[in-house]
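Peer 1: If you're matching them up, the sequences are chains Y and S in order.
FYI, the numbering for the first sequence is 7 to 118, going by this note's numbering.
FYI, the numbering for the second sequence is 103 to 221, going by this note's numbering.
Any given hint might turn out to be false.
Think about it this way: if two alpha-carbon atoms lie no more than 20 Å apart in a straight line, the pair counts; the simulated EDC-like pairs of lysine to aspartate or glutamate are [unchecked claim]: (1) 56(Y) to 209(S); (2) 105(Y) to 174(S); (3) 177(S) to 118(S); (4) 105(Y) to 209(S); (5) 104(Y) to 209(S); (6) 177(S) to 148(S); (7) 145(S) to 15(Y); (8) 56(Y) to 148(S); (9) 41(Y) to 156(S); (10) 145(S) to 67(Y); (11) 105(Y) to 118(S); (12) 41(Y) to 67(Y); (13) 104(Y) to 158(S); (14) 104(Y) to 118(S); (15) 41(Y) to 118(S); (16) 166(S) to 209(S).
Covered stretches of chain S, as calculated for chain Y (at least 3 residues, CB under 8 Å) [claimed, not checked]: (17) 146-155; (18) 162-169; (19) 179-190.
Facing chain S, from chain Y, some residues (calculated, C-beta under 10 Å) [stated by the list, open to error]: (20) 41; (21) 56; (22) 93; (23) 105.
The hints are simulated quantities; they were obtained by calculation from the structure and are not laboratory data.
A virtual CB, placed ideally from N, CA and C, is assigned to each residue, including glycine.
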Amino acid sequence: QITLTQQAESLWVSPGEKVSITCRASQSLLYTDGKHYLSWYQQRPGQTTKALIYHASIRTDGVPTRFIGSGSGTEFTLSIEDVQPEDIALYYCLQTLKKPNTFGAGTKLELK
Amino acid sequence: QVQLKESGPGLVQPSETLSLTCTVSGFSLTSYSVSWVRQPSGKGPEWMGRMWYDGDTAYNSALKSRLSISRDTSKNQVFLKMNSLQTDDTGTYYCTREGRVATGYFDYWGQGVMVTVSS
Numbered sequence: 007q008i009t010l011t012q013q014a015e016s017l018w019v020s021p022g023e024k025v026s027i028t029c030r031a032s033q034s035l036l037y038t039d040g041k042h043y044l045s046w047y048q049q050r051p052g053q054t055t056k057a058l059i060y061h062a063s064i065r066t067d068g069v070p071t072r073f074i075g076s077g078s079g080t081e082f083t084l085s086i087e088d089v090q091p092e093d094i095a096l097y098y099c100l101q102t103l104k105k106p107n108t109f110g111a112g113t114k115l116e117l118k
Numbered sequence: 103q104v105q106l107k108e109s110g111p112g113l114v115q116p117s118e119t120l121s122l123t124c125t126v127s128g129f130s131l132t133s134y135s136v137s138w139v140r141q142p143s144g145k146g147p148e149w150m151g152r153m154w155y156d157g158d159t160a161y162n163s164a165l166k167s168r169l170s171i172s173r174d175t176s177k178n179q180v181f182l183k184m185n186s187l188q189t190d191d192t193g194t195y196y197c198t199r200e201g202r203v204a205t206g207y208f209d210y211w212g213q214g215v216m217v218t219v220s221s
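Okay, chain Y solo, but in the shape it has when bound (with noise of 0.2 Å):
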């Protein structure tokens, strides 16, 4: 199965900050339709999980342009510039490329 490591488990940012949380697959993560199979999620407690980011750097309806989506093969990046103070969640990476679908372990963005 594919792995996604997510190297850390916690970022300590102040607000305002730009701060960047990686991504890293075990394999391409490219499809022959050339697109990414890798999405970014956000979890805060009290709220069901929200989708921010598909194919590496779409966001999806209504996230806010400061969240930023990159990468391309196996090194992915999910940047947040100005960083408000309901940023402070726990990030997940995703890949639907192969079965068994696979997440990242997550980091944790916190304030300083």
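With chain Y's structure known, arrange chain S on it following the hints.
Peer 2: Chain S alone, transformed into the frame defined by chain Y:
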């Protein structure tokens, strides 16, 4: 609007069978696929399996021998049954909708149901 809601017992005895229901609204199960995802406390999520929009199913091979996913389109419900539960099956179980074909992501999630396996 699109909603998914999981329901089922919060406590299951070891070796017994877990039965969960995902009731959906705002979309048709014949147009969108639904996956089950579980998450042990403090750990990353695990994809369990999928009910495709066309009625086919797909399972995580690690769970396939214990897991069954079915649906009742007339009731807008997707069901999960998993047998031989053990303590490490404890966690929160979610149903999720998959975005339109070839987007490859889970666009809506339920709130989740906490399941504890304990005697």
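Peer 1: Against the earlier hints, flag every one the structure doesn't satisfy and list their numbers going up.
Peer 2: 2, 3, 6, 9, 10, 11, 14, 15, 16, 19, 22
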